[in-house]
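Visitor: Throw the hints in and build the complete structure from the sequences for me.
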Amino acid sequence: MKHTGAEILMRSLLQEKVEVIFGYPGGANMPIYDALYFYEKKLRHILVRHEQGAAHAAEGYARVTGKPGVCLVTSGPGATNLVTGIADAMMDSVPIVCVTGQVAAEFLGSDAFQETDVIGVTTPITKWNRQLTHADEIPEAVAKAFYIASHGRPGPVVIDITKNTQFEKAEFNYPKNFYIKKLKTVNKFNNGDIEKAAEIINNAKKPLMLVGHGVLISKAEKEVLKVIEKTGMVAASTLHGLSSIPFDHPLYVGMLGMHGNYSPNKLTNSADVLFAVGMRFDDRVTSKLSEYAPHAKVIHIDIDESEHHKNIHAHVPLVGNVKDVLKKLTPLLKKNNHVNWLNEFKDMDKKELAVEKNKQIKNKNKLTMDVVLSLLSKKTKNEAIIVADVGQNQMFAARYYKYKNPDSYITSGGLGTMGFAVPAAIGAKIGAPKRLVFAVVGDGGIQMTIQEFGTIMQEKLPIKILLLNNEYLGMVRQWQQLFFEKRYSFTHMESPDFIKLARSYNISGEKVVERNKLDSALDKFINFNGPYLLEVKVEKEDNIFPMVATGTSVDEVRLE
Amino acid sequence: MKYTVDIVTENKPGVLYRIAGLLTKRKINIERINAYTVKNNGISKIFFTAEIEDRIVDTLVKQIYKIIEVIEIKYHKVSH
Ligand SMILES: Cc1ncc(C[n+]2csc(CCOP(=O)(O)OP(=O)(O)O)c2C)c(N)n1
Ligand SMILES: [Mg+2]
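These protein sequences, in sequence, are chains A and B. If you're matching positions, the first sequence starts at 1 in the numbering used here and goes up one per residue. If you're matching positions, the second sequence starts at 561 in the numbering used here and goes up one per residue.
A few of these clues could be false.
[To be verified] DSS-like cross-link-like pairs, simulated, lysine-lysine; straight-line CA separation at most 25 Å:
{"#": "1", "chain 1": "B", "residue 1": "Lys587", "chain 2": "A", "residue 2": "Lys182"}
{"#": "2", "chain 1": "B", "residue 1": "Lys634", "chain 2": "A", "residue 2": "Lys181"}
{"#": "3", "chain 1": "B", "residue 1": "Lys605", "chain 2": "A", "residue 2": "Lys184"}
{"#": "4", "chain 1": "A", "residue 1": "Lys17", "chain 2": "A", "residue 2": "Lys184"}
Think of the hints as simulated: they come from the structure by calculation, not from any bench.
Guide: Right, here's the structure in full:
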């Protein structure tokens, strides 16, 4: 029996066990939406308010479930609105499958109404993309899209389906046990390399593990703990590695990078071995490359071969899935401990703590982001999912919430996309309905995707939005203060009454302007049954420290 | 240094565009390029020559190899 292309797409998505689609209709995907009408029970559709929101929601969903998130948008502006989200997913290795409508094949290249060269526009920001002009191409393309998005290093894919294809009829034959050879064999490390790595680790005096997003993607949290506990190796995390090691683990020393903790930045340059596990030596982590870890032998696990030696030369590159590599490696590691080395970190932590204490005394009755996030952490028993936006709020959320369970800190790291948090929190809540989900966002970022309040309203999603309002594009203002002699060029921002705005979307809320109201406001916020906006008027000119300034070495990290 | 890169790929639309994009990203200008399909087995060969910094050539070639359709890739220095 023959089916329309639109119907074939529905069946293909069901074959891939898709449960949720984030989308927005328009002329060029109307036949698909018409088919969706009959699949409403099997395929939950979330109508976003802007296509960028669909992409970030799909990312949020993917980050908590490990399954590809799906977006469905129309041609032209629908597709171009998706672009920021696709680029974001590419930078952060998030599996999303985007289906875009396209003008009918006969009009391709004629500048038809709402025609955009979607393949052209998305090629540099996708792992793979394909335009379909016949209905019988759909099943294999969908199978391929999902396989590619989720195998090897995950990433975004686009399927661009011309309108005639959606109407055209064909048989539905879904490929069975589909695979792509190139992505199937991800483990290319050999035993010799594993032995070399083990020998380096076994002889190390000052070994430091750097955990990244790859640990969470490959669900290798337990394997990581086994390695550090057996060897006594000290471990630090990248922004995206946060929550892979519980905050209170005795060998965990905090976050790396520009706004990471003091000790792991400072002591990177004393380490004799760096064991990089599923991370890519981003410039926000390494800062000045020529002065990065000069004494260290580097062992680098990455599933993506092109990451080895890209920024940092690896003495032992190990190509493979983090979990598989660690399983092979652990038996060869000797039981050891590095108490003195660990104590070097603890001593430095004291310096950071002292500065923090001083700040707290100085700000005793003031509202600052660190206070808000520390309290939120305590009151939620460190168990919530924090979806952070970009800016100071993102860094305070990274540093002051104490992450206990995996996949609990979700943010836009590689692209640094303001506006990520609210829609990504929608996807995260839908993917993990039983967990408490907080969007942490600034007064600037919230206004980039604030229309998604409508989605929250319509879907009645009990998302908690923590707005940290400093009346500034705070992170840029901080740089202006530190590096541009306080010339606050266009970083002050006047904003609407967010509480009223939320209320008009049926989202309850409260605004806190005094420190002594924070506790009770947080309690209400956390326990409220339904969507809620808590706005906290924080200190306007507070800064996030430590900081490794651009162009300086990690060991020049500033405490204040 | 001048390098020639030899690529064997599935003959699918967009592969050349992806390769060109990876070069554009690094502001590399192609000096010579040749591409053709092999018989009728759906395979293409692409060769290009360009000035590429020694420091990045290996990474660039591995990035090209990440293109799903690319089957094989080799590169060598062009001697004068
Ligand atoms: C889409 C986008 N535009 C611009 C920037 C540059 N940028 C980075 S942080 C920041 C300030 C963010 O301000 P706000 O959302 O109020 O957060 P805060 O830093 O004050 O916590 C800006 C403008 C960005 N990251 N993303
Ligand atoms: Mg702000």
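Visitor: Each of the hints needs a verdict: does it hold here or not?
Guide: Each hint, compared with the structure:
1. In summary, the hint linking Lys587 (chain B) to Lys182 (chain A) is not supported, as the alpha carbons are separated by about 28 Å, beyond the 25 Å threshold.
2. A distance of roughly 19 Å separates the Cα atoms of Lys634 (chain B) and Lys181 (chain A); the hinted pair therefore holds under the 25 Å criterion.
3. A threshold of 25 Å between alpha carbons decides the hint, and for Lys605 (chain B) with Lys184 (chain A) the separation of about 24 Å falls inside it, so the pair holds.
4. Between Lys17 (chain A) and Lys184 (chain A), the direct Cα distance comes to roughly 20 Å. Compliance with the 25 Å bound is thereby established for this hinted pair.
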